[in-house]
Each structure stands twice: as C-alpha cells, then as structure tokens.
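Engineer: When you get a sec, could you build the whole thing from the sequences and use the hints?
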Amino acid sequence: MAREKLPRPTDAELEILNVLWSRGACTVREIHDTINETKPNVYTTILKMMQIMTEKGLVKRDDAERAHRFEPCLAREETQQQLVGDLLDRAFAGSASQLVMQALASKRTSPAELKQIREMLDAVQAEREARRAKK
Numbered sequence: 792m793a794r795e796k797l798p799r800p801t802d803a804e805l806e807i808l809n810v811l812w813s814r815g816a817c818t819v820r821e822i823h824d825t826i827n828e829t830k831p832n833v834y835t836t837i838l839k840m841m842q843i844m845t846e847k848g849l850v851k852r853d854d855a856e857r858a859h860r861f862e863p864c865l866a867r868e869e870t871q872q873q874l875v876g877d878l879l880d881r882a883f884a885g886s887a888s889q890l891v892m893q894a895l896a897s898k899r900t901s902p903a904e905l906k907q908i909r910e911m912l913d914a915v916q917a918e919r920e921a922r923r924a925k926k
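For the sequence shown, the numbering used here begins at 792 and goes up steadily by one.
Since no wrong hints were added, every one of them can be taken at face value.
Below, a list of computed lysine-lysine pairs in the DSSO-like style, where the Cα atoms sit at most 27 Å apart:
| hint | residue 1 | residue 2 |
| --- | --- | --- |
| 1 | Lys898 | Lys830 |
| 2 | Lys830 | Lys851 |
| 3 | Lys796 | Lys847 |
| 4 | Lys830 | Lys847 |
| 5 | Lys851 | Lys839 |
| 6 | Lys796 | Lys851 |
| 7 | Lys796 | Lys839 |
If you're looking for bench data, these hints aren't it; they were derived computationally from the structure.
Structural biologist: Here is the structure:
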C-alpha cells in the first residue's frame, strides 16, 4: 500500500524537524531551547508550530507524560525524497540530470562528496544493468 503524501513542510517546520531527526523525540521546551541557541524565538511560537505540524501529520505527539513528546512521522530521508521529487517536477520538468547539474554548480562540492556521488551513480547503473539482464 502506498504511503499517503504528507504536506510539504515550510522552512520553519523543517527547522523543527531537523531538531527532531537529530535529537529524537523531544518536548516543546527542548525544541525551543535547541532552536533558540542559533535563532532567538518565542516559546509559544514553537508550541503553536508543533500544534500545526501535528494537525498536518508531520509530527506525532506522545501525551503519556505531562510534558508531551513529539517525533517526526517520516524519516529525514523520506522527507528529503518528497521535497526533491517535488522540486524535480516543479523546477526541472522531471529532469534529474538538470537537478544534479544545478546542485553541483550552486555550491562547492568536496572531493569526498564527488567520490560518493560517483559511487552512487555506479551503483544505480549496476542495478539497472542487473535488471536488464534478468529480462
């Protein structure tokens, strides 16, 4: 059964999701304190964001304890795939090569990252060749 596509998170929601992916389940206070280290914000703003994100299905709330704990509904990789897929369709007319070319041109890529990209491309090519051989 296909997983229902969740709404695309806003930049503020992604900031909160990044905290949850890094730290695991957190209370609103823990999320607020973590974000507040780099970007001053108001506790009630984070609280409201968490309520909205729960309604949207981006996070789930465990209310077993007095201080509710939140965790993301999707893994970081699933959310990234969803965002990249959306960007691919909207900005690059489905062209993965154009997306990759723009990504590589927009920021300096380290030799280690380039090596990792080459290995991933080799793995994708090997997988496709193996599928063709089975047919």
